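2 protein chains.
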Amino acid sequence: MVGNTLASKLVEGGHEVMMGSRTRDNEEAVAWTKSAGARASQGTFADAAQFGEVVFNCTSGGKSIEALRQAKAAELGDRILIDVSNPLVFAAGSPPTLSVSNTDSLAEEIQREFPNLRVVKALNTVNASIMVNPALLPGDHDLFICGNDENAKAKVARGLTDWFGWAPQNIIDLGDITAARGMEMWLILWIRMMFAFKTPMFNLHIVRASAP
Amino acid sequence: MVGNTLASKLVEGGHEVMMGSRTRDNEEAVAWTKSAGARASQGTFADAAQFGEVVFNCTSGGKSIEALRQAKAAELGDRILIDVSNPLVFAAGSPPTLSVSNTDSLAEEIQREFPNLRVVKALNTVNASIMVNPALLPGDHDLFICGNDENAKAKVARGLTDWFGWAPQNIIDLGDITAARGMEMWLILWIRMMFAFKTPMFNLHIVRASAP
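One line per chain: the protein sequences are A and B, in this order. In case it helps, our numbering puts the first sequence at residues 1 to 212. In case it helps, our numbering puts the second sequence at residues 213 to 424.
Please keep in mind that the hints were generated in silico from the structure rather than gathered at the bench. Just so it is clear, the structure is predicted and the values come from calculations on it, not from any experiment. Here a beta-carbon is modelled for each residue, glycine too, at the ideal position from N, C-alpha and C. Keep in mind that the hints are not guaranteed to be accurate.
[Stated by the list, open to error] A short, non-exhaustive set of chain B residues, derived as facing chain A with CB atoms under 10 Å: (1) Val242; (2) Lys246; (3) Gln262; (4) Val266; (5) Leu349; (6) Asp354; (7) Phe356; (8) Met413; (9) His417.
[To be verified] No farther apart than 30 Å at their CA atoms in a straight line, the calculated lysine-lysine pairs in the BS3-like style are these: (10) B/Lys284 / B/Lys246; (11) B/Lys221 / B/Lys246; (12) A/Lys72 / A/Lys155; (13) A/Lys198 / B/Lys367; (14) A/Lys155 / B/Lys410; (15) A/Lys9 / A/Lys63.
Could you build the full structure based on these sequences and the hints that come with them?
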């Protein structure tokens with residue numbers, strides 16, 4: 001669903017997007033390609049990863065490493081991978097937890113497994129519809145970004161603005177990829193807010209003593 | 213430092229406050245008592261816990277359980293304990309981590325160890341000076357609260373308003389004490405922001421599709 005939302009917005013913005021799945025003829029991917037128009041296509045994870053100048057990981061957190069192995073992510077050189085995933089574990093009757101947290105993060109696992117990739121963690125802290133349309137919420141509200149490569153982060157930050165409409169002052173750079181721990185741990189707080197508000201349509205704004 | 217800040221504000225507001233320490237003649241507590249005036253006093257953890265209608269746990273997260281044992285917290289009946297602590301672990305050269313997180317929290321540990329206490333997690337998500345003076349930051353910004361006892365939460369929420377000036381619409385009730393996981397995990401993200409901003413003077417505001 002996250003991948004579909006991001007891909008549709010990118011296609012609307014004039015970008016060519018290939019949706020990757022485990023199989024080339026995945027029904028949902030084929031349906032998306034048909035509905036999204038001429039700039040949309042689908043293929044295997046490896047097809048899509050090879051196709052993209054920038055690769056988005058929108059797979060389920062527990063399956064991300066395996067999906068990226070299928071994507072032959074080790075053969076992608078220093079490509080930028082935007083990691084949107086969250087390592088959430090849902091168990092019946094209990095609050096959701098994370099499969100990795102505190103001393104490590106999924107983004108770091110990905111960076112370690114594929115050291116040549118330039119992993120940038122972004123967008124995982126909000127609902128998919130807000131990712132691609134921050135104007136759904138009033139006023140200023142913020143995204144985080146982190147990663148080890150400054151150029152990659154700068155390119156992704158520009159993309160968040162150009163592709164999805166995030167104002168530059170609402171993108172907070174938290175430093176290297178270890179900051180993904182906090183960005184992923186936020187989900188545990190986020191989920192409790194979603195329960196309390198009965199909607200995922202919210203985000204945080206960081207209020208500081210001096211502007212912004 | 214957190215306890216000193218909270219106690220001083222409460223004394224200023226006309227409340228009688230006893231500061232608890234490991235020993236009755238703790239130098240910093242004695243100095244605080246002298247400077248804070250007639251409504252301030254100090255004693256052992258047990259003296260202070262017995263004294264208070266409401267007890268604040270402002271001890272270091274890693275020492276909280278032991279401090280509460282010294283406070284004879286098991287003998288306090290159904291007193292309200294406001295848990296302000298965070299289970300932070302600082303190790304040289306690494307980002308701070310939590311000693312408990314994800315599937316448990318310090319507040320839950322305290323609630324399990326002292327099942328009669330009515331534990332309310334609050335205030336741990338902001339810097340001490342903001343805890344007692346939310347007007348240090350402009351406009352709306354928010355606190356979380358959680359706990360298993362609705363009456364205790366309601367009383368603490370009123371206290372946050374009456375004692376410290378938090379507007380009721382800026383206090384978000386996240387439900388039972390398991391929500392303390394997210395409130396404590398927030399610190400990992402908070403610390404990275406403190407590094408990025410080079411100041412602890414910030415807080416989050418939750419922006420929703422419809423007011424507030």
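Structure-based check of all given hints:
1. Val242: Because about 33 Å separates valine 242 of chain B from the closest Cβ in chain A, which is outside the 10 Å limit, the hint is violated.
2. Lys246: Interface hint status for lysine 246 of chain B: violated (31 Å vs cutoff 10 Å).
3. Gln262: violated (33 Å)
4. Val266: violated (24 Å)
5. Leu349: holds (5 Å)
6. Asp354: This hint holds: aspartate 354 of chain B lies near chain A, its Cβ roughly 9 Å from the closest one there, short of 10 Å.
7. Phe356: Given a least distance of 8 Å, the restraint on phenylalanine 356 of chain B holds.
8. Met413: Holds: closest Cβ of chain A sits about 4 Å from methionine 413 of chain B, inside 10 Å.
9. His417: Cβ of histidine 417 of chain B sits 5 Å from chain A, so the hint holds.
10. B/Lys284 / B/Lys246: Holds: lysine 284 of chain B and lysine 246 of chain B sit about 26 Å apart, inside 30 Å.
11. B/Lys221 / B/Lys246: At roughly 15 Å apart (the allowed maximum being 30 Å), lysine 246 of chain B and lysine 221 of chain B satisfy the hint.
12. A/Lys72 / A/Lys155: Given that 30 Å is the threshold and the Cα spacing comes to 23 Å, the pair holds.
13. A/Lys198 / B/Lys367: holds (24 Å)
14. A/Lys155 / B/Lys410: holds (24 Å)
15. A/Lys9 / A/Lys63: Roughly 24 Å between the alpha carbons, so the hint for lysine 9 of chain A and lysine 63 of chain A holds.
Checked against the numbered hints given earlier, this structure breaks hints 1, 2, 3, 4; the rest are met.
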